[in-house]
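Peer 1: Residue numbers (our numbering), protein chains in the order written: chain A, 27 to 237; chain B, 27 to 237.
It should be emphasised that the hints constitute simulated quantities derived from the structure, not laboratory data. This structure is a prediction, so every number in the text was calculated from the model and none was measured. Incorrect hints may appear among the rest.
In the DSS-like style, the derived pairs of lysine-lysine whose C-alpha atoms are separated by at most 30 Å in a straight line are [stated by the list, open to error]:
id	chain 1	residue 1	chain 2	residue 2
1	B	Lys168	B	Lys28
2	A	Lys116	B	Lys183
3	A	Lys28	B	Lys116
4	A	Lys33	B	Lys183
5	A	Lys168	B	Lys168
6	B	Lys168	A	Lys116
7	A	Lys61	B	Lys168
8	A	Lys48	A	Lys116
9	B	Lys28	A	Lys28
10	A	Lys183	A	Lys168
2 protein chains.
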Amino acid sequence: MKLYDSKLAPNPRRVRIFMAEKGISCDQVQIDIVKGENLTAEFLAINPRGVLPTLVLDNGTVLDESVAICRYFEEIQPEPPMMGSDPISKAQVEARQRHMELDGLTGAAEVFRNSFPGFADRGLPGNIGTTPAIPALVERGKARLTNFYTNLNVYLKTNEFVAGENFSIADITALCAVDFGAGAARVPFEEKHTELQRWHATVSSRPSSQA
Amino acid sequence: MKLYDSKLAPNPRRVRIFMAEKGISCDQVQIDIVKGENLTAEFLAINPRGVLPTLVLDNGTVLDESVAICRYFEEIQPEPPMMGSDPISKAQVEARQRHMELDGLTGAAEVFRNSFPGFADRGLPGNIGTTPAIPALVERGKARLTNFYTNLNVYLKTNEFVAGENFSIADITALCAVDFGAGAARVPFEEKHTELQRWHATVSSRPSSQA
Chain A
27 MKLYDSKLAP NPRRVRIFMA EKGISCDQVQ IDIVKGENLT AEFLAINPRG
77 VLPTLVLDNG TVLDESVAIC RYFEEIQPEP PMMGSDPISK AQVEARQRHM
127 ELDGLTGAAE VFRNSFPGFA DRGLPGNIGT TPAIPALVER GKARLTNFYT
177 NLNVYLKTNE FVAGENFSIA DITALCAVDF GAGAARVPFE EKHTELQRWH
227 ATVSSRPSSQ A
Chain B
27 MKLYDSKLAP NPRRVRIFMA EKGISCDQVQ IDIVKGENLT AEFLAINPRG
77 VLPTLVLDNG TVLDESVAIC RYFEEIQPEP PMMGSDPISK AQVEARQRHM
127 ELDGLTGAAE VFRNSFPGFA DRGLPGNIGT TPAIPALVER GKARLTNFYT
177 NLNVYLKTNE FVAGENFSIA DITALCAVDF GAGAARVPFE EKHTELQRWH
227 ATVSSRPSSQ A
């Protein structure tokens with residue numbers, strides 16, 4: 027089993043943290059996205075969409091999408107449950123994980139992809155041809171991130187974690203969104219987001235956050 | 027059990043088709059997004075994010091996200107399986123469903139949201155404040171849709187359905203993306219997309235497509 031990974035990008039980090047929480051490890055190959063190594067013929071032969079992370083199983087099966095890779099690990103090793111444990115909690119975790127992705131990670135990606143000079147012609151990730159950066163998405167992305175922090179802070183006033191009482195994949199996506207938002211996108215959460223600070227310190231103290 | 031629905035929008039349609047395939051029905055309430063009924067205090071009290079579909083269970087639990095609602099139905103009624111049936115197929119269906127969403131439905135939404143005059147100040151869905159339309163997203167969305175049709179056509183040359191041999195949630199998302207792309211976004215697939223035509227005719231002939 028081999029994971030094609032990028033230490034700089036948020037989506038591969040989601041998988042690395044998920045695996046660390048499950049105690050699963052495998053060979054890792056670093057692919058430099060900024061240099062365009064994800065768009066070489068060699069990598070496109072493995073994943074034609076040209077995105078990371080990509081997991082190749084020992085039988086040759088290619089799983090080319092972050093949450094799908096997590097799903098595979100959840101299925102082959104259900105403990106500890108990271109995607110819910112009964113019909114309602116599974117649906118609630120999925121809903122919250124998708125909120126974190128759509129509201130948070132997408133906003134951070136909009137800011138970074140459309141402002142980083144190295145991606146001036148790569149406004150969208152992967153093997154999709156030339157996609158010029160759209161400056162208006164930088165401002166919209168910043169507004170989405172600010173909105174995301176505010177809403178998450180409200181939620182965390184009455185919930186310990188991002189999808190209720192238990193640490194889950196929704197926390198992983200949120201952590202990657204918050205750290206990518208503060209780092210690459212340069213929109214950190216603020217002092218007034220006290221519950222978000224409390225949660226961020228808690229989840230960042232888990233060893234998996236360093237994976 | 028009550029489904030807050032919009033006959034005009036692609037995401038509620040995903041849930042209606044999924045339910046029809048499972049033979050599940052429930053009360054439905056139509057919410058007019060164009061008139062902004064999803065942003066009234068009454069609806070925001072049910073779903074603070076102000077998006078559709080939203081499912082309210084008999085015990086009061088609110089599931090506010092399309093794929094999460096499908097997940098709930100898959101868990102309470104596994105037959106027929108629509109999200110895979112073993113660890114690898116579950117991961118592959120999830121990956122393909124997410125490709126259809128990211129590559130297809132997102133492109134169609136970019137075109138429609140940023141060109142429809144009624145959404146000039148609502149470039150993003152839901153309760154997120156004023157988000158001006160971004161004209162550059164219309165062109166980018168059209169290019170994404172064209173790319174999506176071409177890639178899906180290639181995939182369907184060697185696969186009967188969108189995630190391999192079996193009809194799944196990935197076909198539902200793709201059908202909603204293609205029909206929303208051709209309808210609201212006015213970017214239909216072309217005659218040269220012969221495999222896409224074959225697949226579209228097949229899935230459109232299923233009674234669920236009319237749900």
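Peer 1: Decide if the proposed pair is consistent with the structure: Lys48 (chain A) and Lys116 (chain A), CA atoms, cutoff 30 Å inclusive.
Peer 2: Holds, because 17 Å separates the two Cα atoms, which is no more than 30 Å.
Peer 1: Given the proposed pairing of Lys33 (chain A) with Lys183 (chain B), does the C-alpha separation stay at or below 30 Å?
Peer 2: 35 Å, violated
Peer 1: Is the Cα-Cα distance between Lys168 (chain B) and Lys28 (chain B) 30 Å or less?
Peer 2: 35 Å, violated
Peer 1: Holds or violated: Lys168 (chain A) with Lys168 (chain B), Cα cutoff 30 Å?
Peer 2: Holds - the C-alpha atoms of Lys168 (chain B) and Lys168 (chain A) are around 24 Å apart, at most 30 Å.
Peer 1: Does Lys116 (chain B) sit within 30 Å of Lys28 (chain A), going by the straight-line distance between their CA atoms?
Peer 2: Holds - the C-alpha atoms of Lys116 (chain B) and Lys28 (chain A) are around 19 Å apart, at most 30 Å.
Peer 1: Take the C-alpha atoms of Lys168 (chain B) and Lys116 (chain A), compute the straight-line distance between them, and say whether it is at most 30 Å.
Peer 2: 35 Å, violated
Peer 1: Between Lys116 (chain A) and Lys183 (chain B), does the CA-CA distance stay at or below 30 Å?
Peer 2: At roughly 34 Å apart (the allowed maximum being 30 Å), Lys183 (chain B) and Lys116 (chain A) break the hint.
Peer 1: Between the alpha carbons of Lys28 (chain B) and Lys28 (chain A), is the straight-line distance 30 Å or under?
Peer 2: 44 Å, violated
Peer 1: Run the distance test for Lys183 (chain A) versus Lys168 (chain A): straight-line Cα separation, threshold 30 Å.
Peer 2: With Cα atoms ~23 Å apart, Lys183 (chain A) and Lys168 (chain A) stay inside 30 Å; holds.
Peer 1: Hint check: Lys61 (chain A) vs Lys168 (chain B), CA-CA at most 30 Å. Holds or violated?
Peer 2: Holds, because 27 Å separates the two Cα atoms, which is no more than 30 Å.
Checked against the numbered hints listed earlier, the structure breaks hints 1, 2, 4, 6, 9; every other hint is satisfied.
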